[in-house]
Structures are given as C-alpha cells and as structure tokens.
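Residue numbers (the working numbering), protein chains in the order written: chain V, 24 to 510; chain X, 151 to 462; chain P, 241 to 465.
Don't read these hints as lab results, they were simulated from the structure.
Hints are supplied without guarantee of correctness; some may be wrong.
[Stated by the list, open to error] Derived pair list, reagent style DSS-like, types lysine-lysine, alpha-carbon separation capped at 27 Å: (1) Lys341/P - Lys125/V; (2) Lys460/V - Lys322/V; (3) Lys433/X - Lys341/P.
Only a predicted model underlies this, so the values are computations on that prediction, with no experimental measurement involved.
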Amino acid sequence: MIAVYLLLLLSVTGIFYFALLGHRPQVGRINTWFNTASFLITVWLAINIFLNGNIISANQLFIVDSFNIYLIVLTAFVGLTTSIFSDAYMAHEKEIGRLTDKRLKVYYAMYQGFMLAMYLVLVSNNMGMMWVAMEAATLATVMLVSLYRTPESIEAAWKYFILCGVGIAQAMFGTILLYYAAIQIGDVENALLWSVLYESAEHLNPEIMEIAFVFMLVGYGTKIGLVPLHNWLPDAHSEGPTPMSAVLSGLLLNDALYAVVRNKMLVDGATQSHIAGFFMMGFGLLSFLVAAIFLNRQKDIKRLFSYSSIEHMGLMTFSFGLGTPLSTFAALLHMMVHSLTKSAIFVTVGHASQIAGTQRIEKIRGLIKTQPTVGWGLLIGTLAIAGFPPFGVFTSEFLVLLATMQSYPWLTPLLLLGIGLAGAGLFRNIQPMVYGKQSDGQLPVQANLWPVMIHLALVLWLGLAIPTFLADWFSQATVLISGSAPL
Amino acid sequence: MNWLLALIQTLLFVSLAPLLAGWIKFCKCYLQNRKAPSLFQPYRDLWKLTHKQPVVSEQASWLFVIAPYIIFSAMVLAASVVPLIAVNLPTAASADIIVLVGFFAFARFFLTLAGLDVGTAFGGMGASREMTISSLAEPAMLMAIFTLTMTASSTNLSFAIGYVLEHGTVLRPSFIFALFAMILVAIAETGRIPVDNPATHLELTMIHEAMILEYSGRHLALIEWASQLKLMLYGVLIANIFFPWGIAEQLSFSALGYGLLNILAKLAVLALLLAVSETLFAKMRLFRVQEYLSFAYLLALLGLLSHIILES
Amino acid sequence: MNIENLDFYTQAILTLAALIGLTSFLMLGQGRLLRLVFVFALQGLLLAIATALAAYSLNEPHLYISAVITLALKVFLIPWMIRRQIFKMNIHRDTEALKNKTAVMLGGASLVVFSYYVLHPVLHNTPVVMLNALATSLSVVLLGMLLMISHRQAIAHVVGFMSIENGLFFAAIVSTNGMPMVVELGIAFDVLVAAILFGIFFLHIRSSIDSLDVDMLNRLNEVDK
Numbered sequence: 024m025i026a027v028y029l030l031l032l033l034s035v036t037g038i039f040y041f042a043l044l045g046h047r048p049q050v051g052r053i054n055t056w057f058n059t060a061s062f063l064i065t066v067w068l069a070i071n072i073f074l075n076g077n078i079i080s081a082n083q084l085f086i087v088d089s090f091n092i093y094l095i096v097l098t099a100f101v102g103l104t105t106s107i108f109s110d111a112y113m114a115h116e117k118e119i120g121r122l123t124d125k126r127l128k129v130y131y132a133m134y135q136g137f138m139l140a141m142y143l144v145l146v147s148n149n150m151g152m153m154w155v156a157m158e159a160a161t162l163a164t165v166m167l168v169s170l171y172r173t174p175e176s177i178e179a180a181w182k183y184f185i186l187c188g189v190g191i192a193q194a195m196f197g198t199i200l201l202y203y204a205a206i207q208i209g210d211v212e213n214a215l216l217w218s219v220l221y222e223s224a225e226h227l228n229p230e231i232m233e234i235a236f237v238f239m240l241v242g243y244g245t246k247i248g249l250v251p252l253h254n255w256l257p258d259a260h261s262e263g264p265t266p267m268s269a270v271l272s273g274l275l276l277n278d279a280l281y282a283v284v285r286n287k288m289l290v291d292g293a294t295q296s297h298i299a300g301f302f303m304m305g306f307g308l309l310s311f312l313v314a315a316i317f318l319n320r321q322k323d324i325k326r327l328f329s330y331s332s333i334e335h336m337g338l339m340t341f342s343f344g345l346g347t348p349l350s351t352f353a354a355l356l357h358m359m360v361h362s363l364t365k366s367a368i369f370v371t372v373g374h375a376s377q378i379a380g381t382q383r384i385e386k387i388r389g390l391i392k393t394q395p396t397v398g399w400g401l402l403i404g405t406l407a408i409a410g411f412p413p414f415g416v417f418t419s420e421f422l423v424l425l426a427t428m429q430s431y432p433w434l435t436p437l438l439l440l441g442i443g444l445a446g447a448g449l450f451r452n453i454q455p456m457v458y459g460k461q462s463d464g465q466l467p468v469q470a471n472l473w474p475v476m477i478h479l480a481l482v483l484w485l486g487l488a489i490p491t492f493l494a495d496w497f498s499q500a501t502v503l504i505s506g507s508a509p510l
Numbered sequence: 151m152n153w154l155l156a157l158i159q160t161l162l163f164v165s166l167a168p169l170l171a172g173w174i175k176f177c178k179c180y181l182q183n184r185k186a187p188s189l190f191q192p193y194r195d196l197w198k199l200t201h202k203q204p205v206v207s208e209q210a211s212w213l214f215v216i217a218p219y220i221i222f223s224a225m226v227l228a229a230s231v232v233p234l235i236a237v238n239l240p241t242a243a244s245a246d247i248i249v250l251v252g253f254f255a256f257a258r259f260f261l262t263l264a265g266l267d268v269g270t271a272f273g274g275m276g277a278s279r280e281m282t283i284s285s286l287a288e289p290a291m292l293m294a295i296f297t298l299t300m301t302a303s304s305t306n307l308s309f310a311i312g313y314v315l316e317h318g319t320v321l322r323p324s325f326i327f328a329l330f331a332m333i334l335v336a337i338a339e340t341g342r343i344p345v346d347n348p349a350t351h352l353e354l355t356m357i358h359e360a361m362i363l364e365y366s367g368r369h370l371a372l373i374e375w376a377s378q379l380k381l382m383l384y385g386v387l388i389a390n391i392f393f394p395w396g397i398a399e400q401l402s403f404s405a406l407g408y409g410l411l412n413i414l415a416k417l418a419v420l421a422l423l424l425a426v427s428e429t430l431f432a433k434m435r436l437f438r439v440q441e442y443l444s445f446a447y448l449l450a451l452l453g454l455l456s457h458i459i460l461e462s
Numbered sequence: 241m242n243i244e245n246l247d248f249y250t251q252a253i254l255t256l257a258a259l260i261g262l263t264s265f266l267m268l269g270q271g272r273l274l275r276l277v278f279v280f281a282l283q284g285l286l287l288a289i290a291t292a293l294a295a296y297s298l299n300e301p302h303l304y305i306s307a308v309i310t311l312a313l314k315v316f317l318i319p320w321m322i323r324r325q326i327f328k329m330n331i332h333r334d335t336e337a338l339k340n341k342t343a344v345m346l347g348g349a350s351l352v353v354f355s356y357y358v359l360h361p362v363l364h365n366t367p368v369v370m371l372n373a374l375a376t377s378l379s380v381v382l383l384g385m386l387l388m389i390s391h392r393q394a395i396a397h398v399v400g401f402m403s404i405e406n407g408l409f410f411a412a413i414v415s416t417n418g419m420p421m422v423v424e425l426g427i428a429f430d431v432l433v434a435a436i437l438f439g440i441f442f443l444h445i446r447s448s449i450d451s452l453d454v455d456m457l458n459r460l461n462e463v464d465k
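Okay, chain V solo, but in the shape it has when bound:
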C-alpha cells in the first residue's frame, strides 16, 4: 500500500515543484525523472500484487486489483515515455517562441496534476472519489489545451471544459443514484466503496442501478469520446500541445472507460441481466462507425488521429459491452495496445508537424526524405493502429471480431466495414505525407524517437506473443469483470 501513497505523493510534490520552479532550464529532464520514479514505483506495486494478490488500503479509500494494476503500470509507462518526448518538444516550442517561461511552469505543473488525477481515478475504491478525480483531470488538462492561447486553442479548451464538465455532471447524478441504492441495503459508512458494493451487488435495487448506469455511461462516455458527445475530443487533441494529445488519447480515455467498466460490474451484479452491456454495445458501435466515417474527411493530422482514437474507444466499449470472457480479454488487450500505439503516433505526429511547421495534412509531404526516422515511425505506427498483422492491435481486433461472431454474428460485417473505412481513411492521408514529394521549407528537427520505438516494439511483441505474466493478468482481470476465464 505504501507504493500507492508514494505514487500519489510524488505527483503532488511534482505539482508544487513545477509550479514554483518550472521555469528553470532542464525542467523537462526533471519531469522525466519524476515520471521514471513513478514508473518504478508502479512496477514495484505490480510485483507486489503479482506475489501477494489484491490490496485494499486500511481506510478502504484505495484498491489495487488485477484489473487496475496493469492500467496503473501502463499509465506510468506512457506518462514516462511522453515526458521524454515532451522534453525535446517543449524545448523546441520555447525556441521558436510559442511558449513563455510562465506557461512552461503551468505545463509541467499540470502534467503532474494530470498524472495525479489519473492515478487517483485508477486506485480509488470510493466511487465518489473516482468522480472527483475524473473532474480534476479535466480541470488539469483544460489549461494545457489552451496553452498556446490562439483563438482556436481557447475555443477548443472552452468546448472541452463545458462539454466534459456538463457530461461528467451526469456521471455524478449516476453516482448519487448508486449511493441511494446502496444506502437502502444498509451500511451507510461504506456505501460508496466499490469493494463493498461489489460484494453485495445482487442486493442493490436493479431498477435504480439501471438508470444510474445510463447516467454514468453518458457522463463518463463524454470523456471516453463516445458519439454523440465526442465533439470536444478532436478539438482538444488538435489544438493542445502534442504531448498532451498523446496522454489524452493514451490515458484519459482509457481511464474513463475504466470507470464505466467498474460501474458496469456493479450493475451487472444488481440486474443479473445484460442491459448495461447492450447500452455499451450500442454507444460503442455508433462511435466506432461514425468516427470511421468522419476520419475520412479530416484535413488536420492531429484531428485525423483523434477520430481514430474515438473509433478505437468505440470498439473497446463495444467489446466490454459484449461481456463474454473472450471479448473482455480482447478489450483489455486492446486498451493496452491502443494506448501504446496511439501515444507513439502522437509523438511522431508532433515531430512531423514541427518539421513542416503546420498540422495541415496537405502541407506535410515526403517525411521519409526530410527525416527518415519520423517518416518510418509514422508509417509503422499507422500500420499498427489500422490493425495490420503482426502488431498487437491486429490480435485484439481479431479477438473482438471472434467474440462478436460467437455472440452476435450479424454485427461482424459492421465491424469489418468500420475497420476497413478507418484503414482506408488513414492510409489515404498518410501515404502522401510519408512518401510524397517534399514540400518547401521542411526542416529536420531534433527528435527523440526512443519512446516511439519502444512503444511500437512492445506492440509488435504483444502481437507476436503475449508474455505469460501479462496473459495471466488479463485472465484474472477477465475473471473479475466477466465472471469466467477466457479461452
């Protein structure tokens, strides 16, 4: 348990440190060190869990079990690699004068604030705390989206703020209903603790839980970027600094989905039916298809990939909604490979747009000649995210398809159509950017592509062979969520 407290404490220290000293040179390096330390702590925590099983803190506020531990490690890992990237990226932005010292302070302090909120969402055992942390994540990132102070970025941040704030209010209403259902079965003290509720889920009033779940799905769904509440997502991704887009796509969306799934577990226990799953399937499929179509009409590279994020989050939501062990396993795997791949892509995209000095797709051309590493990174990343074998995304998407064929075969063509549309949309745009004729004024930038390489290598590894301990974890989490083991 000490590890959890250390983790949270470290991020809090980070906020204050950067708020005071964030203008110093080398601050990016220090941010990396902070995140390295967090990552090491989470690894220690993971080993602990691996050896000793689930832990709940003494005051019952925090819980670490097989479901969230791998997300915690993933969060720390993506946070770390993104911080490596953001070091170089922010230095460049400062050089060309887009950012001042004061805003760098805000940036680094809020980076840590965001990480803190993410950890808090994951380890919270109290559903109310989880909501508070989720809202805090919005508040932390909203200043980052408007970091450049351009009219567009302010508009994006405003939209993000309002839409997510309003959306998450619905989740709060859901949480209140949950609490109401919980105090009806007694034990007012612990009525919001997930671990307690999970034990006594079958006593909860199923009708109230159903309504509560609808509100929570709408609320947290706004954060996941589910259609029709997705409008903020492309804007926030495209107008904020690129490291922010990487962590938004790689972490925030996952955590929101995590919150939904936690609630779904309670609702399933209460209703003893599949109603929550149907809601998730419907919203997921809708987001998946709509995003795949809109993806074809984007002219901004970061918007392009943010629609791809919506598409993948839709697929995960759908897959969790299916609720079979296989589909749950697939969704867990997809969560991991998607956040690794997507954050890698945003890192390369960030470099690519710095090279071209713009985010317009038609102005970025022939990256492979200007700076081969970035070009290759973008190409491979796109291959991976579009679901080509042998990358991990292929494996997970294949498993989702398989699970769909088992339960609802008539939905498979829709999924295939979406995957095809999205793949076409991505390649149509990426191909000229990588191979086309170089446009004028493209200069190589100082880039640190190690994070990309590591991420893509991991995704490749996961595609070829899932290591035993990871598979074990996924299986345990699957058992926890869906009730029985996959395969």
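On the provided structure of chain V, position chains X and P as indicated by the hints.
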C-alpha cells in the same frame, strides 16, 4: 344576529378602505422623506368631492352617470362575500370565489364602458389598456385561486379559509407560488407601481386615471372609493387566504375583536410592504406588462402543478 | 400521501425543491447577466437552507459543514467572482436578446416532465418525496444544460454549469443525506477550481475574440472546410 354581523363586517370594509389608502400614502411619504398628509386625508377628499357639483360632458350618455353607482355597489357586494374578521358568516356562505371574480369583472366592464362613453382620447386609451391588462391578469388570478380551491376541495372562500385553519401550519409549495402570483396580480389589478402609477393624473402612460379623467364631484368620489375598496379586498384576500390565523371562528365578542385587530395588523404590514416596493421600483413600460403578467401566470400555473405533483 | 400528514422537514424540503426548480426557470428566461447571477446566488441560498435543515432534522452534524461550504461558495464567493468579472469587462449593461424564449420555456417544462418520466418507474416503491426531490434536481441539471444551450454569453454558460452542480448537490442532500465528507470536500474543491479557471478563461476568450459571445467561437468544425 349572523346577518347583522355580516352587515357590520361589510360596513367595516367600506369604512376602512380609505384608511388603508391613507396608511399606504403615509408610509410612502415617510419612506420618500416627504411630509405625510394625515391618515384621514382620503376621507376628507371623499367628503370634499361629494359636496362638489358633478360636471357631466354634453356628449356623455346615461351610462356615464350610472356607471359610478354600479361600480361602487359591485365592490360593496364583493366586500360582503369576503370574510374580513370572521368566517362562516351567512353572506360568505351564499357566494363563492368565482362570484367574487365576477363582481370584479362586472365593475371593470362598466368602468371601461364609462371611459369609452365620453369619446375622449384618454378614456379610450385607458379602457383598452385596462382590458389588455385584465385579460392577462384574470387567468393568473383564477389559476392561483384554483390552487387554493383544489387544496380545500371547495370554491367557497369561507370554507377554504376554514380548511387552511384546521390543518395548522403546513408548508405547501403550491401556496407559496400562488401567494406570489396573487401579489403580482393584485398589484396589476389595483393599478399600483410598477404597472400603473396611482399618484399621477396626467401622463401618457396612466391607465386607471385615464379612464376616470372626465369624472368629477360625487361620481369621482364613488369611483375613488370603489378603487380603494378593491385595493383593500385584494389585501384581505391575500392576508386571509394565506395567513388566516387570528380570524374569528366563533362569533363571540372577544374573538371578533381579536379578529379585527389581527386583520388590521396584517393589512398594515401588507401596506407597508407595498409602500416599500413602490418606493424601490420604477414603473415599467406598458409593453413590459404582459411579460410581468405572464410571469404571474407562470407562477400560478406552477402552483397548480406543484399541488398536483408534490402534494397529492 | 397528503401533504398535511408529512412531517415539517419533508414539507420544507418539498417547498425548497419547488423554489429551487423555480429559480432554474427564472435563470432560463433571464437575459441580464447581473440578475442571472443574483438568481443563481438565490438558488445557492435555498440550497444552503435545505442543507442546514437536513443537518438539523436528521441530526447529521457533517451536513452543517456542507451547508457552510455551500453558503460561502455558491452564495458569496462564486457570484461575487462572476459579478466582478462582469463589471471588469463592462458588460453589466448588456441585455441578451434571447431567441425563442417561449420555445425554450416550453422545452424547460418538457424537461421537467421528462425527469419525472425517467425517474417515476424507478422510484415507484420509495417515498414520493424522494421521487419529487430527485426529479426536481434532475430537472435542475437538465435546465442548466438548456440554459447553456439557449444563452450565448460565456458567463451565462458558467452560471448554467454551476447550477448543474447545484442540482446534483440537492439530489445528494435529499436522497442520501449528503455524500461522504471526503467526496463532498473533493467536489467543493473541484467547483472552486472550476470557478477560478472560468475566470481565467473569460479573459482569454475576451482577448481572443473581443467578446464573450460563444457563438463566435466557431473556428473548429466537425469536418474541416
């Protein structure tokens, strides 16, 4: 005995109405740092007017002459059905709240006719404005009253007040809405600020005064008295429906005396509030009045809805 | 159930619920910013009264703390901050001509009906008071959203946002006697930070589009043109 009491109550109503008007003026002057006229000034005014020769325009028809008498008697009749100091009086039992609204409408009808009769520009203008306002205010008032009658399951005013008394202090959301709606309607119907300004005699925006511009002498006295009665009627309605505590339920001497003191105190407080609000707010444009009254209607409607939803 | 048979606390909660619902409607039809903020503060006051009443009647001392926090935050601090912003930006005389006021009002009314429609089947075997209070708070939440849709001023959006929080808070007080203290403090903290951030945003929006009319925030589109 009961009939006698009812008669006394009506006489009290009629005789106290100018005093209320005087009291409001007194409070207003005090609030506005002016020297106040005597509390009994309205009586003196009425006395003075009755001793003057009424001047009637050559174009005026018989309607113009009889209208003041009709208006005044309608108001006196209305006063006879409203419980002032005691409930369960025979007059109150014979007529219900719809009749009361009917009396008001009747008086207003003749007032506007009289305004139109002489054919002056002001008269016509005032009449049309009066009708516009009342057509908006009346539904709101009826709505508010229906809230009350639905609670008591009776349209009889005396019975309804008895019902409220019987159940003691019950905090009803519907009554709060209905109370606010009633206050807004009362202000509009009695021609007080911010709908109409009772202190003006020659302004383009006036409503009530525009209609009675041609009256003089005892005709004017009757109309003035009637409008003072109307003001008091609304005050008593608000006081006795929403805060009926203290009204005499037995017909003993002490209970009646106590009831009288009570209603006087309530009216004094209401009048004070009216004076304060008249001091604070400015008269609004005529075209804003419909907004104001539709707000009153909304409140009354909400009262009715919250009675149905929240209290049943 | 007849209202005479309920205890005073329930009567008071029902009355406050009705009044809070009314304030939401008042905000919906309000084009003047200062009055909007005033009505918002009024709503906060009703909320604080409801909380204090619950604390007293149900003997839950921790609700007194919530009541004080609500009073400080929702009645004084946030309205004061917004007022200051309004004066600073010199828009306190602006009146927003609301489009389709009648339609918006009717929409608001149907949202109230919708709230009952949603919650009625769920809460059919709980006390009717609970249904009324929860439906009112849900309609306050939905009316807050409608307020944000129908108004164009950024400040009105913030007031809508905060009134949504009010609705949630009322639901928490009435249905569950308040959330656990740690959650409540967290929510209060979030609200405070949000209010401060909004203040910063006003300045940014003002300096970027020279107005606080959010209809002019229209550079970003679903599909690039």
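Ascending list of hint numbers which this structure does not respect: 1
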